[in-house]
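Those sequence lines, one after another, are chains A and B. First residue of the first sequence? That's 173 in my numbering, and the numbers climb one at a time after it. First residue of the second sequence? That's 2 in my numbering, and the numbers climb one at a time after it.
Everything labelled a hint here was simulated from the structure, so no lab data went into it. Cβ coordinates follow ideal geometry from the N, Cα and C atoms, glycine included. Do not rely on the hints blindly, as some may be mistaken.
One side only, chain B facing chain A, incomplete, derived with CB under 7 Å [unchecked claim]:
(1) Cys67
(2) Thr69
(3) Glu72
(4) Ala78
Just a sample of chain A residues kept apart from chain B, beta carbon distances all over 12 Å, derived [said to hold, decoys possible]:
(5) Ala174
(6) Ala187
(7) Gly189
(8) Ile206
(9) Asp209
(10) Gly273
(11) Ala280
(12) Glu282
(13) Pro284
(14) Gly286
(15) Gly288
(16) Val289
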Amino acid sequence: MAMKPEDALQAIAAARGDAVCVPTMTTSPAWRTIAPDDLSVGCVGFMGGASSLGLGLALARPDRRVLVFDGDGSLLMQLGSLATVAGAAPRNLVHFLFKNGVYHASGAQEIPGGGGVDFVAERARAPAALAALRGGADPRRAAHGSRRQDAHDGGHGHAVPPAGGAAARSAHRGLSGEPSSACVRRRGGDGGPRLWRRACARGDWPRARS
Amino acid sequence: MPESIPAPLIIDTLKDTFRDARAALAAEGVRPRHEHLGWILSVPDTHQKTVLAALDKERALRVLTCSTEDEANAVAAGLWMGGEPFVLMIQHAGLYASINTLRGVAMDGRVPIFYMIGLLSREKDKDPRESRHSMVRYCEPLLDVFGVPHARLEGPDDVHLIPEYYRLAQKRRGPAVVLVGLETS
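In isolation and in its complexed conformation, chain A is listed as follows (with noise of 0.2 Å):
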């Protein structure tokens, strides 16, 4: 089932407790609307860099809960992220991909393999996903894939499908253990604005600061 991703942005806000939220591209400005907040990183200086920028977000700060939002078309620029994230584990990572299978922002030119690229499998996650969100169950490890546990922090949760699976159908495994991607039809909205806002955190995050 499609939903508009006003829509979608909007539950999310409504659990995401005090995690730390990376918009990208098209959800940036509905974000802003929506959580207008210090505690949303804004990534559109750098096409594709959203889940890279939230693995290291989350990385760094394993006690906090980092939301990606991204896009479909700014996913395939850095599809190798997905592996990386799925090798280093953070369990304190969602990764959203909001799904519109164009190129919104400079006009709705269709991205390689338009509608055809089935990004999950399970398209429709999306409550699975705020399930996680809300957290409370114990994280499952993933039942196939490669996976890596975190030798350091003990993080587990995120797997990619075994091999023969298309790389598109990366399912990123959630706090509940459910895959936490979000597929959701973007159907118009506003383009995102090309800058870097760096804006995360209350105080104790005395880097972020400008």
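Put chain B on the given structure of chain A with help from the hints.
Frame of chain A; chain B shown alone:
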């Protein structure tokens, strides 16, 4: 004549650099959230392979291997926001591949990213700018175009440049680079 730098010397220097960085963070009131000293963000570089191999046995430094240098830059930004020391260990070809991200993150985003970049195929008897390999020859001029400060590690006596350029990145709130002149030993 340039000399190869032993991996243990580089690793010990990085440890000292990160210790100093942790102390500076502590002075800012940032409490450590990890046992280790800092992060090595790597897209494996043949030129620095002995360092990467030795890092496998290091518990004080954490290595995160990234798929691309673009990713490594973005991960670095997140680590920096979270108050973690790090270095990017990449190759000149990776610099070329990720120059837009360096611009967007380290320069426009003003993230202090310290890079160790291997000059793979650099001839021992030539200045890199006179190399017959374009990937060696264009590295320093490219950094100059972007106004990125850089220095060359031409032997063990030059490892003091590692903490110096790390601190320079912090001070400038931007990129700073040391180029590894010869393959590490």
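So, going through the hints one by one against the coordinates:
| no. | hint | result |
| --- | --- | --- |
| 1 | Cys67 | holds (5 Å) |
| 2 | Thr69 | holds (6 Å) |
| 3 | Glu72 | holds (4 Å) |
| 4 | Ala78 | holds (5 Å) |
| 5 | Ala174 | holds (29 Å) |
| 6 | Ala187 | holds (22 Å) |
| 7 | Gly189 | holds (18 Å) |
| 8 | Ile206 | holds (21 Å) |
| 9 | Asp209 | holds (15 Å) |
| 10 | Gly273 | holds (23 Å) |
| 11 | Ala280 | holds (23 Å) |
| 12 | Glu282 | holds (23 Å) |
| 13 | Pro284 | holds (17 Å) |
| 14 | Gly286 | holds (24 Å) |
| 15 | Gly288 | holds (24 Å) |
| 16 | Val289 | holds (19 Å) |
Against the hints set out earlier in the document, no violation occurs for any number.
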